[in-house]
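Please construct the entire structure, taking both the sequences and the accompanying hints into account.
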Amino acid sequence: MSTPTPEVLALLEATVDAAVIVDDRGRIAAFNRSAEEMFGYRAADALGRNIGMLMAPADRAYHDGHMRGYLAGGEPRILGRGRDVRVLHRDGSEFSVFLSVGRIPNTDPPMFLGHLHDTSLRRKALATLEKERQLNRLYLDLAQVMLVATDRAGVVRLVNQRAVRVLGKQSADIVGSSWIDCCVAPDDRATARNAFRAVLMAGGDEPQGCEYHVRSADGEDRFITWRCVALRDNNDVATGIMLSGEDVTDQRRAESEAHRALERMNSVSRLATMGEMAAGISHELNQPLAAIANYAQACARMLRTPTPDVPVISGAIEQIAGQALRAGEIIKRIRSLVRNEDVRRETRDINGLIREVNTLLASDARVHDGALALDLADELPPVTVDGVQIQQVLMNLVHNAFEASGEHGAATEVRIATRRVANGDVEVSVSDLGPGLPRDAEHRIFEPFFTTKPTGTGLGLAISRSIIKAHDARLEYRANNPRGACFYFVLPAFQESQR
Amino acid sequence: MKDSPQTVIVVDDDDAVRNSLRLLLKSAGIHAEVAESAREYLGRFDANQGGCLLLDVRMPGMSGLELQQELNMRGATIPVIFITGNGDIPMAVEAMQHGAFDFLQKPFRDQDLLDRVQRALARDTENRTRLRHTDRIRERLASLSPREREVLELVTQGKANKMVASDLGVSQRTVEIHRAHVMQKMEASSLAELVRMMMTVAPP
Numbered sequence: 000m001s002t003p004t005p006e007v008l009a010l011l012e013a014t015v016d017a018a019v020i021v022d023d024r025g026r027i028a029a030f031n032r033s034a035e036e037m038f039g040y041r042a043a044d045a046l047g048r049n050i051g052m053l054m055a056p057a058d059r060a061y062h063d064g065h066m067r068g069y070l071a072g073g074e075p076r077i078l079g080r081g082r083d084v085r086v087l088h089r090d091g092s093e094f095s096v097f098l099s100v101g102r103i104p105n106t107d108p109p110m111f112l113g114h115l116h117d118t119s120l121r122r123k124a125l126a127t128l129e130k131e132r133q134l135n136r137l138y139l140d141l142a143q144v145m146l147v148a149t150d151r152a153g154v155v156r157l158v159n160q161r162a163v164r165v166l167g168k169q170s171a172d173i174v175g176s177s178w179i180d181c182c183v184a185p186d187d188r189a190t191a192r193n194a195f196r197a198v199l200m201a202g203g204d205e206p207q208g209c210e211y212h213v214r215s216a217d218g219e220d221r222f223i224t225w226r227c228v229a230l231r232d233n234n235d236v237a238t239g240i241m242l243s244g245e246d247v248t249d250q251r252r253a254e255s256e257a258h259r260a261l262e263r264m265n266s267v268s269r270l271a272t273m274g275e276m277a278a279g280i281s282h283e284l285n286q287p288l289a290a291i292a293n294y295a296q297a298c299a300r301m302l303r304t305p306t307p308d309v310p311v312i313s314g315a316i317e318q319i320a321g322q323a324l325r326a327g328e329i330i331k332r333i334r335s336l337v338r339n340e341d342v343r344r345e346t347r348d349i350n351g352l353i354r355e356v357n358t359l360l361a362s363d364a365r366v367h368d369g370a371l372a373l374d375l376a377d378e379l380p381p382v383t384v385d386g387v388q389i390q391q392v393l394m395n396l397v398h399n400a401f402e403a404s405g406e407h408g409a410a411t412e413v414r415i416a417t418r419r420v421a422n423g424d425v426e427v428s429v430s431d432l433g434p435g436l437p438r439d440a441e442h443r444i445f446e447p448f449f450t451t452k453p454t455g456t457g458l459g460l461a462i463s464r465s466i467i468k469a470h471d472a473r474l475e476y477r478a479n480n481p482r483g484a485c486f487y488f489v490l491p492a493f494q495e496s497q498r
Numbered sequence: 000m001k002d003s004p005q006t007v008i009v010v011d012d013d014d015a016v017r018n019s020l021r022l023l024l025k026s027a028g029i030h031a032e033v034a035e036s037a038r039e040y041l042g043r044f045d046a047n048q049g050g051c052l053l054l055d056v057r058m059p060g061m062s063g064l065e066l067q068q069e070l071n072m073r074g075a076t077i078p079v080i081f082i083t084g085n086g087d088i089p090m091a092v093e094a095m096q097h098g099a100f101d102f103l104q105k106p107f108r109d110q111d112l113l114d115r116v117q118r119a120l121a122r123d124t125e126n127r128t129r130l131r132h133t134d135r136i137r138e139r140l141a142s143l144s145p146r147e148r149e150v151l152e153l154v155t156q157g158k159a160n161k162m163v164a165s166d167l168g169v170s171q172r173t174v175e176i177h178r179a180h181v182m183q184k185m186e187a188s189s190l191a192e193l194v195r196m197m198m199t200v201a202p203p
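Taken in order, these protein sequences are the chains called A and B.
Using numbering that gives the first Met the number 0, the letters of the first sequence correspond one by one to residues 0 to 498.
Using numbering that gives the first Met the number 0, the letters of the second sequence correspond one by one to residues 0 to 203.
Hints listed in this document are in silico derivations from the structure and should not be mistaken for laboratory results.
Possibly wrong hints are sitting among the right ones.
[Claimed, not checked] Listed below are several chain B residues computed to face chain A (Cβ distance under 7 Å; list not exhaustive):
#	residue
1	16
2	19
3	105
4	109
5	152
[Claimed, not checked] Sample of chain B residues lacking proximity to chain A, with all beta carbon distances greater than 10 Å (derived):
#	residue
6	23
7	62
8	82
9	161
10	188
Where a beta carbon is used, it is the ideal one built from N, C-alpha and C, also for glycine.
Right under this line is the structure:
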């Protein structure tokens, strides 16, 4: 039997696919390593045997016939074309391969090279790949976020359904175009470009966040928060970017509207509170002014006498100075209430805060012919609060307490108390000796616009509660002992470690 | 009746306002005392003390208005000047309806205060003089005998002695004697003065 030339054998070994050479009588003349793997025979066991041993029974007769026909000068049915055939593994299992056969030139008698490609594996792999591709597509399209992949130059390679919907464009109009020029709102392009560059420059797989508007086909800008990650090839070179974006336009709009509404409510309530207390405040301011006028006029009269009593006059002048400062203090308090200041957190002594606003609270007491009692515990830990807001809540609660108890002719004493509760936090309570709350009102008092007062706006408690909530606490109601209502909140004690 | 010096009493819960008012009044030569609450003032209220009251309408505990009503119930005649803030006009109106002498809005010019205080003190003097006058007439009336009282009634109705005599069934001479006693006891120099006295003590 003839053997292939060394060149042919070397070629055979270098081939990835299984390759077998047979002579004109169908005997195996060469059997490469891949063929060994494919059929489970060692080359030494296969050489010299008929190729038929590798054929599935159904194809064997057909193969022999085919070869004979060719050698008899008939049509080459297989040469140069290749077809699927069933073959037989050494362990008896059948499988499909794609077989192509060529006649090795300059061989006589002729030798044939058979190339066998395991199609079952390839098909399986192809099918798996296809399935995965579909699944990925599904993932992409199911995602509630916008997904966009671009190449290094920023040209879009892939967009999902969500992105298509947000952008209001056809996928085909986006893919192949520059992401930034095609989709990003003009004002935000610089931002988007910088973010894009930053992601490409950065190493690692850590996604980077950014926010910018995209412009939809109908010209509407949507605000998107993006997470971007670089796509890398096997050599860790960035080949593009994957962006995942969430459309937060509506959310942001709602947030800012809610925020504005709260601000509005806050200032309305401040104004309402101011209006209700205007009488008390003007009285409060009038006191020092009246005293100043009296002292000054008395001084003028005394100075016109032949022998002015200097110690009395100088005492009166000191009083004038003192009363002017008192008036200034009152104005300062009022101003701090009227200003629409931003939330400012400071570490404060709650008792100090209460004492600061005591003058205004006392004027409210005076308007209602009542008394305000302070019952402040010693050595309380500091709390982190917006002082003005907490004072506003206290004024609101004290005002309500006086109104509630005044109507019923009860003793109108309102008490502000502070104490340390079991876990070390600070409780602030405002209690009165009025009738307390009717059972059915207990659940509703914190609802906006719920009021038991004929002239109430029903906003005071709702706002107070939202302010206290912003301080990580809750404004609550309990019945007061022995009678009346008690509103209280517990502020977290300031921990040294928070510093 | 004693004639103690007239005293302005300042009732205000605000130390500064109270003390500055006292000093202002003192600088104008008016004697003033202070009380820091309506209750404190009522505790040492003396109906015989002449003067006037300077009263803050808004005070914790008993308000100025309540003090005024309490004084009215006690039959006190002391004039009351209310001191109000600028938001207290309705209160001032109510005070005036209950017989307040006047009211002043804080802060005020010293002359406005002193004018009012002077007028209030003058009114108090008048009140007290009138009061003393009617008291004296009542005392004199009480000293008359029943017959003299009858003669007085008829004479002051404008009846002549003759008619009085016939009304009472006595002689004209007897009427003349009673009438002379009445004029003497009542310290009246003429019939006209006697009529005036009777109108003073018996208005309704």
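When the hints from earlier in the document are held up against this structure, which numbers fail? 5, 6, 7, 8
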